[in-house]
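Number of protein chains: 2
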Amino acid sequence: MESICCAQVLYDFTAEPGNNELTVQEGEILTLTNQSIGSGWVEARNSRGNVGLVPEDYIEVKTILIISFVFVISLLYLEHIDFDIHRSLVFQSVILLLSVMVILCHMAVGSVYSFDEEWDDDSDDGKSTGGYGGSQAEEGGTMQRGGAHSTMKLSLNKFPGFSKTPNPEVYLLTKHISKGDDRLPIYMGEVGPVWLYPQIQLDCVVADPKKGSKMYGLKSYIEYQITPNTTNRPVNHRYKHFDWLYERLVEKFACALPIPCLPDKQVTGRFEEEFIKMRMERLQGWMSRMCRHPVISNSDVFQLFLNYRDEKEWKLGKRKAEKDEIVGVKIFSNIDPELPELDPAQVEQKYEMYSQFTRSMDNSVKELLAVGHLHWKRCTGPLQKEYRQIGKAFQNLSSVFNTSAYPREYTLKEALTATGKTYEEIAEIVAGQPKKDLHFLMETNHEYKGLLGCFPDTIAVHKAAIDKVKEADHLVVMNKISQQDKLIMEKNLSTMSYALQAEMNHFHSNRIYDYNRLVQFYLEEQVKFYETIAEKLKKALGQYTTM
Amino acid sequence: MESICCAQVLYDFTAEPGNNELTVQEGEILTLTNQSIGSGWVEARNSRGNVGLVPEDYIEVKTILIISFVFVISLLYLEHIDFDIHRSLVFQSVILLLSVMVILCHMAVGSVYSFDEEWDDDSDDGKSTGGYGGSQAEEGGTMQRGGAHSTMKLSLNKFPGFSKTPNPEVYLLTKHISKGDDRLPIYMGEVGPVWLYPQIQLDCVVADPKKGSKMYGLKSYIEYQITPNTTNRPVNHRYKHFDWLYERLVEKFACALPIPCLPDKQVTGRFEEEFIKMRMERLQGWMSRMCRHPVISNSDVFQLFLNYRDEKEWKLGKRKAEKDEIVGVKIFSNIDPELPELDPAQVEQKYEMYSQFTRSMDNSVKELLAVGHLHWKRCTGPLQKEYRQIGKAFQNLSSVFNTSAYPREYTLKEALTATGKTYEEIAEIVAGQPKKDLHFLMETNHEYKGLLGCFPDTIAVHKAAIDKVKEADHLVVMNKISQQDKLIMEKNLSTMSYALQAEMNHFHSNRIYDYNRLVQFYLEEQVKFYETIAEKLKKALGQYTTM
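Residue numbers (my numbering), protein chains in the order written: chain A, 77 to 623; chain B, 77 to 623.
Chain A with its partners taken away, still in its complex shape (with noise of 0.2 angstroms):
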């Protein structure tokens, strides 16, 4: 068994002294001693035979991804084959191939969940991990079961004619005029350039997931309710329709809008409920996220993801959106600002602002996730450990104290032991505490690092339109453009700082609601926290005798 289970290590990881843990680096092989530890971490030995702790999170299992991998190639070619024609011989040879596999990963996984999740995500969603934060450490990675490498990719092959950061070119030169139902109007609100809000914010409830299964049972997946707060009325999906909604939105609105990524998927799935429930709970974020977006969440795609009424509605649904041509820079043509055209010095200074500004800020929070981390690590481990002693050593001292035989010992002794008892029980409330206060200020910290993650990407397409804008001047001394061509630039590059303006705007609203109710009900339960011990401490108190 332990023979096939080796894995490789997805990020860099430094091991805290004295908590059993291993350093290893990007690409190393590990071998995996011990899957069981729990909490996120399995034991590793690497190559140089050093045993230790390693986030989960931060490895991939070899054996499993070689087979997974065989798995997606078979399934792509079923994919291709009309299901509802006929099962052929070819067909039916692949479910051989695949259940021998099937079997083969039960072995080597010892968990059915696993693998099906594991195939599941790995086929929905297979081009969704990497990327940012690929060479960081994880800081609050470990402590959160999965969720982290997250950023908006701009899925380049679907821009044609982009390389690295989509060309804003096309869009720059051209004359537009706003179309009705696709136009999207910026306001001047009373913080500065804002999107047109609707009257009743979308929400939606993600809830109910249930195990569902299709080609014989042999692959099963999670399906979840989605109902949104318009039409009351509940849809299912997968993660991978999930999936399949983030990368039309980044197809469509990445260059204007950072999107962020969904929650990870995962490797191992040994906390079946655990895991599902923290991946509702993130999906549940990452929708709610997208709902309170205006533009978003009155596009077609999302309104389709929310309200199909059927499988017939939602099949043509999907391809219409996945013809959809207004995507990429072209996006930038439905943005109609009521406002007077910026000069492109006030564009740069905009967007020198808000470059510095989620740099600083991705940095800001990823200093919290990582003494968030420790905070965590720190209360669960040795804090935890340090208040049990205490509580012993009280108790010992109450049960030395009982053999004395000396008649006035009772009081004391009973003392001793609610004493002892209670540093027992602050304990264990130590210990629980950052799943009750922490984890909240983790999660939302995490999803801001994903979604500042996605600014560079957005920001870049916005620094690359004001350097062909710069260049203007010299292209019409050269006669590659006339005059007009620049005015039209200009004024182009005006509307998207509006977009970028009223993004950035939408972000800082957001932001601030988000970190006011956040670090708010971080303060709140702290203070219950340490009021519990207080009281706990006062009633172990009360049992001692005046004297």
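Keep in mind the hints are simulated off the structure, nothing from the lab.
Only true hints are included.
No copy labels: a pair is met if it fits in one copy or bridges any two.
Within a straight-line C-alpha distance of at most 25 angstroms, the following computed SDA-like cross-link-like pairs (lysine to any residue) qualify:
id : residue 1 : residue 2
1  : Lys604    : Ile505
2  : Lys461    : Val603
3  : Lys489    : Asn439
4  : Lys468    : Glu601
5  : Lys316    : Gly393
6  : Lys442    : Ser475
7  : Lys511    : Val603
8  : Lys614    : Val603
9  : Lys497    : Asn439
10 : Lys453    : Ile505
11 : Lys290    : Glu387
12 : Lys612    : Ala507
Given the coordinates of chain A, assemble chain B onto it according to the supplied hints.
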């Protein structure tokens, strides 16, 4: 300078990971690389070139000790010369030699005080170190300067004819009639046999440490003022006088009563005031414990120490005490239990119980000290650092938010700053707390550890007596002793047992009082601690806008 600052390790010390500590073993020679670390730590390099922190109580600075040793020898020589007669050439040259050494030592240590204290202590109580716990790591010791290795040492060479354990035979075979003044009665109290307690409990205040000097300022010392509640008239004593008293009490009472060691002397004296304060606190603790003991407090030597009127009375009393013949096992001849004689089986049963209890309590106290020590280090080390980091992370986030140029930033920015500052305050509260509550818990347990360390010696005398009486039948048969002798032995053994019972009941009563007060105080301070933090967080919470 550095070259001469090497030190020998007195006790094994195991480094805690992540604290920059250095694991050292008894006997190892270290080079001191930084003596100005503070809080009881020095930085040292071992022979393998590893550098790290070591508790200064665990090491003995070598150069100082060597010079001190020569010094002590010289002084001992001086002590034998009558100062009042003449100052011969010999004396003058010794003074000259000493002066040169003083200068050398000053150069080596960089402090007048440390040398003088050193010298004073080494010459005064050179024999009172070592003993109990010598080979064990000192659990609570490092946080509290000095006071550790306490056990009573039966001054064996003062008990003629005793090998390791004082031999109770001399006493057992003698028929005693208790004399008037020295009689130590034992009564049956509510809790069993008890000493005769005085109407008013003696107590004293140790205060007002003053630096004195003699031998033309060459030798300086600290003199403490001790004021008993009986006379309210202060007397002055140096540490060496306390040590003299301790030696007398051990000589006279240690076979019957455990005499706890004095607080230890210290090797280096960099924190003059802190050290003097700590020693005074511990001398106060020791004196109070002695005052509380009905037998000790009533003894001539103890009364002399507290009540002498002038140098002459002190010197006469000293000489008388040193000539006291009722020492060692003879003390039992003064004991007069007005209670029915116990048979040897009853005696042995009591012995077993006390032996077991004191051993168990010793272990339990050591456990409490060990966990207290850990907790102290955690609070003043990693926890303080972590809360500071949390504070800093919030403040940094606030600074970043402040650069957004978004108009609705102010409240959140201010609230986050307040939150950050609150966590920085909490960091200091957490780090300062051990001095407020854990200190007293550690000190008292430390005192008990010392006291409990004396029981084995005292109890061993009883065990030896039990064994002698067990042999009595055989000796009667062999005609070595008469039947009458045997009955006398049994009666005397019964008297010894009553003494032990009275002493244990005294111990239990004090123990219950002390631990009740101790844990009560600790819990009170802990409650305040948690309430203070909750209060501070509540205040920070109030800065957020409710949404």
